[in-house]
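4 protein chains.
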Amino acid sequence: MGLTIGVDIGGTKIAAGVVDEEGSILETCKVPTPQATDELTEAIADAVRTVGADHHVEAVGIGAAGYVDEKRATVLFAPNIDWRHEPLKDKVEQRVGLPVVVENDANAAAWGEYRFGAGQGHSDVICITLGTGLGGGIIIGNKLRRGRFGVAAEFGHIRVVPDGLLCGCGSQGCWEQYASGRALLRYARQRAFATPENATVLLSLGDGTPEGIEGRHISQAARQGDPVAIDSFRELARWAGAGLADLASLFDPSAFIVGGGVSDEGELVLDPIRKSFRRWLVGNQYRPHAQVLAAQLGGKAGLVGAADLARQG
Amino acid sequence: MGLTIGVDIGGTKIAAGVVDEEGSILETCKVPTPQATDELTEAIADAVRTVGADHHVEAVGIGAAGYVDEKRATVLFAPNIDWRHEPLKDKVEQRVGLPVVVENDANAAAWGEYRFGAGQGHSDVICITLGTGLGGGIIIGNKLRRGRFGVAAEFGHIRVVPDGLLCGCGSQGCWEQYASGRALLRYARQRAFATPENATVLLSLGDGTPEGIEGRHISQAARQGDPVAIDSFRELARWAGAGLADLASLFDPSAFIVGGGVSDEGELVLDPIRKSFRRWLVGNQYRPHAQVLAAQLGGKAGLVGAADLARQG
Amino acid sequence: MGLTIGVDIGGTKIAAGVVDEEGSILETCKVPTPQATDELTEAIADAVRTVGADHHVEAVGIGAAGYVDEKRATVLFAPNIDWRHEPLKDKVEQRVGLPVVVENDANAAAWGEYRFGAGQGHSDVICITLGTGLGGGIIIGNKLRRGRFGVAAEFGHIRVVPDGLLCGCGSQGCWEQYASGRALLRYARQRAFATPENATVLLSLGDGTPEGIEGRHISQAARQGDPVAIDSFRELARWAGAGLADLASLFDPSAFIVGGGVSDEGELVLDPIRKSFRRWLVGNQYRPHAQVLAAQLGGKAGLVGAADLARQG
Amino acid sequence: MGLTIGVDIGGTKIAAGVVDEEGSILETCKVPTPQATDELTEAIADAVRTVGADHHVEAVGIGAAGYVDEKRATVLFAPNIDWRHEPLKDKVEQRVGLPVVVENDANAAAWGEYRFGAGQGHSDVICITLGTGLGGGIIIGNKLRRGRFGVAAEFGHIRVVPDGLLCGCGSQGCWEQYASGRALLRYARQRAFATPENATVLLSLGDGTPEGIEGRHISQAARQGDPVAIDSFRELARWAGAGLADLASLFDPSAFIVGGGVSDEGELVLDPIRKSFRRWLVGNQYRPHAQVLAAQLGGKAGLVGAADLARQG
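Protein chains in written order, with this note's numbering: chain A, 367 to 679; chain B, 367 to 679; chain C, 367 to 679; chain D, 367 to 679.
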């Protein structure tokens, strides 16, 4: 199969791109994400038609946040869109006249990294995405593993603290409450509130109050040596690394790939994650260690991965 | 392939059995487990020769506690035996003249249940073994998944309580410290110590002191309505079920199989595990639920599973 | 000294009462609580003048939520009112022409119970108030102990779960997030959401949804045997009792008094609290045990206590 | 009253000293601690007679680990000696012919620091002793507060981690499992085991293995910049400071005094404790902060305090 289209449905933008067999994006377009579900379907179809107009395209892969069923056809539940048992595959196929597969967005990103990014050459890879929340994908034996019902790899919602922080999912102590962009922001604000004298750089980047601190300030302040900013990354890394150690006990991959906006900081966050991983890895002196790698495709991993999954059929 | 031999190396006994393609055991023998590693190899070979003497056997599968490498040849580390990078496959093959595969014992038991027990008909199954500790095995897409280096499915050592109980593995807060036979015993003794008036049956079954309580007393007392015994099972189930919910977020199987000595109590322990599982299952109203099933093969699962894995080659 | 006035500043009402030396309330009045701090001072003064018009009153005690300084004059901080270093004693004295003492409301309630309620005859008493949040007061050696700076006995904000639930105070894992009316409501709603089939009574009392459950429904449902309602009280009691055990290790009182709206349910909540207390009491077989008693004065404890503290000067 | 004798019963040595009204020790003696309780009583009496032979002594104060009743006469329970309801006051009085008071050793040390050490000038002081375990004492309103039954101030056994580490007291998650000399040693060994490359100094001071690390190595290595040693102190301080913040919420003293062997390291441990204290202090911007001070009397605090308590009668 030749060219396919990948679609990445984000909270504010829908990105679509024509992708070749090497994972290269030949053409892209972006449109705003409509709120109404009807308009959303149309917008997806429009984006596909627009970007594919000048290419011979054979299939479409759509990455969306939420639970997607094992047939890769129906979105069972989406956290940010009013989809409940939404037959997205059928609706888009009717509109664009091409075979469509729907995939969880973190699964698609994991597949993209496995095929064309940091995971190349590894047969068993676990990807985690540290964005606003924490998502992930599982590759075992060179295949994406989606679970029996399609909803595997919901890493963000394993419980790491009994009776811990409330999570949007209704549970408590979920990993993503401790290892994600949102958690990083909470760490920074709490520390700046408690010990402002250690957060002078960080506070000066915002409006001088803890509430004024934003995610981008934390990395900027950390690079300037702000103690609270550095400590906030370390706290994030403590939880991220300990969770990877758990995943190593469960999956024993040869590589972990860490993606998402938080990982854009590179070694600032990866180095402490590696240390924490090693600290908590059970049996670490008796077993081969998985590598902990930075993702390579950045924000394009989902689009590229979705396109490639559509190619695989 | 026809008949194979399965070997289960326990702490006190080595069990060997000739197993056919239906998982039936045609003949078995048991010998004591020697302490010295040299004698242990001999004892395994003797058991194989003894039990196989009157059968045309084509391969041998050995289940052992510990880390087994991805080639299923070398025991990297065993918790109770002085094996470190022990080339067990080669040593036994030299002695018995048959192809040998070595497998982690909990993996072997999981495979046994998948093939001939509670897991029949499921393609994606997670088994947990609640014995003295907590072990497990992963079947995805009808295959045993051992990880890239052979040491996956170490369920007992995921961290469920940060800064929690010390574990023999050197870490803290491992799941098996909260959900295992040893944990059940601790629950019962602690509660009998704190509130002996609620443990009259339980205490009467031992020597009257909390230390005199043994595992078998707890199930007996629970069946007689002893509040501390019942509450101890409930506490175990709280942790077991919450952990299964985490595994559902990760693996999304269609069935969990609960085996090991603790599960011999049947619904006394399975019913509260199911309730706790459901209580903590993230997204439980939007997703199909995995079944939580009792293991069917009892203590023979490991032997039968090892034999069958040898048959698969 | 003869009659004094006690004032209890609540979120919606200010209650004032003339109290005699036996703790009897001779006359009361209630006025709405104004939002603006200026009007609030006036409203307090008005209430004092109104209720005291026909009595020979010698002093005024005011109970207010928040930090009150050690001179019992200034409110350093109030959680629900815009008071920061508010010289409340001076302002009210100027308006009413009587000596005024200001006291933390939970301290005042503790003193009321010690003098005229469940604490009579005990020299060392710890009171906890399970209301919306969790407050308390300390009596040691027949004296109210307010700390060196006036802000002792903030029981609700000791950390019982590291990395636990966010608290309005900016910290995490505070006791009042696990043992209070608000916590009880969370327990009930979470459980009704996860296992609605065990909450049929509870759900039927509200609008059929977890969000429709209110505090009063939980006790009503518990009395009708609703499993989720009963389990929610048990969870509350688990945390309340474990916290009392900690307070016993610290203060070693002869009695704990449990007040506040949650305790209005009497033995429904006190019995499991006592069991949990005993379960977690360190050294419980070697030491005399404090009694765990229900408060006797109900919602009047704060007013009566404030009046009596004013009398003591 | 003039001179009194203080006795400090340690695990290996009994120290006795004649102490004047200024807290100065005029003469001391040490004898080994016998195992048998009868011989122990004799040894205490001998030490008193020996040290007091050349002085006009008016009373004796004995500090012992364990629960001492409110009459300061009977040891209800001792963790390391076979005393259960031991009438120690009567037994020693009969032998030495002087009035005797028995006091919990950590209480005695707290009193010593309050009277003659770091606590001078403070009316409300909380002392914690970071030795092998964690003990403490409470001074409120210039008086030692022992609780209604004599067993207050058992700081080491408040629960700081639900389902946490087992404690010798039979409970789990006790503060002394996270903040004490024993905890510090565990932190160092665990970290040296997991990441030996960060513990080269620390490991070189012992026998090269984690088990060979002893307490004194950790401070020595920390002063030489060993990352694991420094991190171990920081972890200890994290827990110590967070616990002090809880004690501030409860007691609101004007000073905390940190004593015990761990505190001998001075600012190496006190500085991070202060930071952690401030980080976790609830309402820290609205309230006066207690000082966190180093103890001044070292290992003599208990003896001097016991002597002074005997003087107070």
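Just so you know, not all the hints are guaranteed correct.
One copy or two, it doesn't matter: identical chains are merged, so the pair holds either way.
Said to hold, decoys possible - With a straight-line cut-off of 30 Å between C-alpha atoms, the simulated DSS-like cross-links for lysine-lysine are:
hint, residue 1, residue 2
1, K641, K379
2, K641, K396
3, K641, K457
4, K509, K437
5, K641, K437
6, K379, K509
7, K457, K379
8, K457, K437
The set of hints was computed from the structure by calculation and includes no laboratory data.
We went through each hint and held it up to the structure:
1. K641 / K379: This pair counts as neither: shortest intra-copy Cα distance 36 Å, inter-copy 41 Å.
2. K641 / K396: neither (39 Å within a copy, 46 Å between copies)
3. K641 / K457: neither (47 Å within a copy, 38 Å between copies)
4. K509 / K437: both (15 Å within a copy, 20 Å between copies)
5. K641 / K437: between (39 Å within a copy, 29 Å between copies)
6. K379 / K509: For K379 and K509, the Cα distance is within 30 Å only inside one copy (29 Å; across copies 40 Å).
7. K457 / K379: within (20 Å within a copy, 57 Å between copies)
8. K457 / K437: within (15 Å within a copy, 47 Å between copies)
Checked against the numbered hints given earlier, the structure breaks hints 1, 2 and 3 and satisfies all the rest.
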